[in-house]
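As given, the protein sequences belong to chains A and B, one line each in that order. Residue numbering for the first sequence follows the working numbering, beginning at 12 and increasing consecutively. Residue numbering for the second sequence follows the working numbering, beginning at 39 and increasing consecutively.
The hints are simulated quantities; they were obtained by calculation from the structure and are not laboratory data. Nothing here was measured: the structure is a model prediction, and the numbers come from that model. For each residue, glycine too, the CB sits at the ideal point set by N, CA and C. Among the clues, some could well be false.
As the list claims (entries may be wrong) - Listed next, the stretches of chain B that the computed footprint assigns to chain A, with coverage defined by at least 3 CB atoms under 8 Å from CB atoms of chain A:
id: 1; stretch: 85 to 99
id: 2; stretch: 133 to 139
As the list claims (entries may be wrong) - Beta-carbon label-pair distances, calculated as ranges:
id: 3; chain 1: B; residue 1: Ile-122; chain 2: A; residue 2: Ala-34; range: 55 to 63 Å
id: 4; chain 1: A; residue 1: Phe-146; chain 2: B; residue 2: Pro-93; range: 42 to 50 Å
id: 5; chain 1: B; residue 1: Ala-114; chain 2: A; residue 2: Met-155; range: 42 to 50 Å
id: 6; chain 1: A; residue 1: Thr-133; chain 2: B; residue 2: Gly-124; range: 34 to 42 Å
id: 7; chain 1: B; residue 1: Phe-155; chain 2: A; residue 2: Ala-267; range: 21 to 29 Å
id: 8; chain 1: A; residue 1: Ala-79; chain 2: B; residue 2: Gln-91; range: 28 to 36 Å
id: 9; chain 1: A; residue 1: Phe-320; chain 2: B; residue 2: Gln-91; range: 20 to 28 Å
id: 10; chain 1: A; residue 1: Phe-195; chain 2: B; residue 2: Leu-97; range: 35 to 43 Å
id: 11; chain 1: B; residue 1: Val-123; chain 2: A; residue 2: Ile-73; range: 37 to 45 Å
id: 12; chain 1: B; residue 1: Leu-97; chain 2: A; residue 2: Trp-309; range: 54 to 62 Å
id: 13; chain 1: B; residue 1: Pro-93; chain 2: A; residue 2: Phe-42; range: 52 to 60 Å
Chain by chain, the residues:
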Amino acid sequence: MSAPTAPTALANKFLTAGIAGLAVTALAFGFSENQQAVALAYLVGISYWTAVCVGMLLLILIHHIVDAGWSTVIRRQFEHGLSAFSWLFVLFLPLLISAWVKPGLIWPWMDLTHVLPGGHGTVASDILYQKKASFLNVRMFTGMTLSFFAVWIWLSARLRKASFAQDADGDVKWTFMNRKTAAFGIPLTALALSFAAIYWMKSLEYHWFSTMYGVWFFANCIRAGLAFGVMITYWLYMRGDYKGIFNTNQLHCLVALAFAFVVFWAYITFSQYFLIWNANVPEETFWYNIREHGDWMWVGMLILFGHFFFPFIYWLSYRRKSTLRPALFISCWIAVIILVDLCYNVLPAMKDAHDDPLPFLSLHLLWVLTSVVGVGGICVAAYLRSFGTAKIIPIRDPRIRESLTHHEATAPETYQLEAHS
Amino acid sequence: MKKNYGIVAAFDTTPALYQACLQVRDAGYTQWDSLTPFPVHGLDAAMGMRRSQVPRFSLTGGLIGFCTGMSFIWWANAYEYPLIVGGKPYFSPMFAFPISYELTILFTAFATIAGMFLLNRLPMHYHPLLKAPQFVRASDDRFYIVIEASDPKFNPAQTRALLEQAGGKDIAEIEE
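Could you put the whole structure together from the sequences, leaning on the hints where they help?
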């Protein structure tokens with residue numbers, strides 16, 4: 012088996028779209044009256060694609076730590092996805108620079124002279140800031156953000172190197188190396204993604220606290236990784252690369268995992284809401300109160316029904332988990348709703364003169380879309396560039412045979428993956 | 039003479055059994071079964087079996103559990119003995135949700151177990167196959183196919199010929 016033909020033309024298209032999206036976002040930032048809106052939209056875009064890549068990283072790490080069999084066949088595609096991390100770091104630099112050049116533009120606590128609404132003085136005189144000041148300061152923010160990307164990029168490099176090297180020499184030592192990487196990589200990645208969620212998104216409203224926030228972001232990361240995994244599967248199957256490789260049972264496992272995380276996400280998100288609702292402490296409830304203002308109420312309902320009930324009920328049946336079209340449909344749906352969920356967490360930090368959040372449906376949404384296309388175009392192009400450099404599956408992985416014949420006897424007829432529901 | 043229950047044929051290896059199942063399936067039989075000492079991957083498809091109906095029981099149980107949790111908490115706290123706890127409303131799906139969720143899982147589990155026993159008709163204290171002395175090896179090192187006489191396509195001579203042609207050994211008729 013040789014490496015698949017590199018989709019160079021497709022990669023260039025994504026790269027062009029990415030550069031165009033970034034250019035429009037940059038222009039909007041330059042000319043907009045509300046620079047904060049564009050910056051927050053860009054934060055949503057970069058958080059979204061970070062979630063996708065972190066999800067893929069976690070899926071690989073979990074695969075190695077439990078010595079999984081069936082997922083060997085899809086793992087290679089996630090490894091290609093990890094190549095986007097270094098680009099995400101480069102794309103995050105504008106936000107880091109803004110933290111130093113224009114503190115308070117995005118994260119209000121960075122500007123100590125920022126006046127709090129309602130006559131509560133400035134950030135510097137705010138007791139809730141003072142107590143958190145050793146954690147919430149620009150130096151910590153910068154150092155932590157650099158270390159998140161250092162962790163993700165370093166782990167990705169190790170996983171990719173071992174996996175690609177095994178294609179050449181078939182040495183089982185690479186599998187053991189990956190298992191060790193997974194053992195220390197899982198806690199490192201978990202800490203990095205939790206702190207990233209706290210610094211990048213939660214600290215936008217630094218009065219607020221929620222112990223569920225890191226795990227909420229984790230749930231979205233895994234769901235995003237799996238959703239894009241299903242999309243890649245569909246693309247490779249339609250392209251012909253996965254014919255005779257990917258069968259119904261592997262798809263069913265992949266989608267069943269995504270289905271499990273539909274429930275996990277709901278459990279976490281409900282718990283966060285329920286604990287705050289039940290305790291009724293003003294420092295916590297205000298976060299949900301502003302999210303019931305204006306059209307944010309309906310965004311919340313969209314997340315409740317679109318992020319949980321609809322995918323849950325739709326994927327309950329076995330047939331829809333084991334056929335490509337329904338799996339793809341809900342995966343695309345989830346990929347969109349995750350973006351809405353991130354908007355719901357980030358954008359209400361923008362306030363009007365009465366300290367009410369600006370509405371969801373506004374021009375700012377356009378900058379969210381240009382940011383997602385901009386960052387996404389670069390990430391997908393990075394994936395596609397990496398795609399042509401290695402074989403379609405880790406051909407000499409010790410588990411590859413088990414993965415290819417997952418739950419199947421040798422009958423060739425059972426290898427046919429239904430493309431139509 | 040007692041009624042005929044069916045015809046049993048033995049196989050020595052899983053591939054032989056697998057191929058024989060394909061032939062019996064394609065011959066159009068519906069009332070038949072294969073017996074193996076361990077699960078054989080892909081045999082369900084080779085036998086042309088449909089997916090189990092147990093999930094329907096599970097879904098029903100889950101829905102009943104969820105509704106039980108919601109309605110019971112509403113009945114207890116908002117209807118039969120209205121009670122304010124922690125300044126919250128008499129009833130809210132928020133605080134009823136954890137209990138409803140637990141009952142969804144509990145009733146789903148009950149319904150799944152009950153549905154499985156209803157559908158596979160266990161425990162079964164008597165089965166005609168137990169009379170065949172060689173049959174004990176189905177739990178050790180041999181594989182069997184049994185075609186029942188109740189099958190519309192059953193014909194003692196033709197069915198026996200099919201099993202012979204499929205490579206079956208020690209073919210025997212079993213009495214009811």
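| field | Broken hints, by number | value | 12
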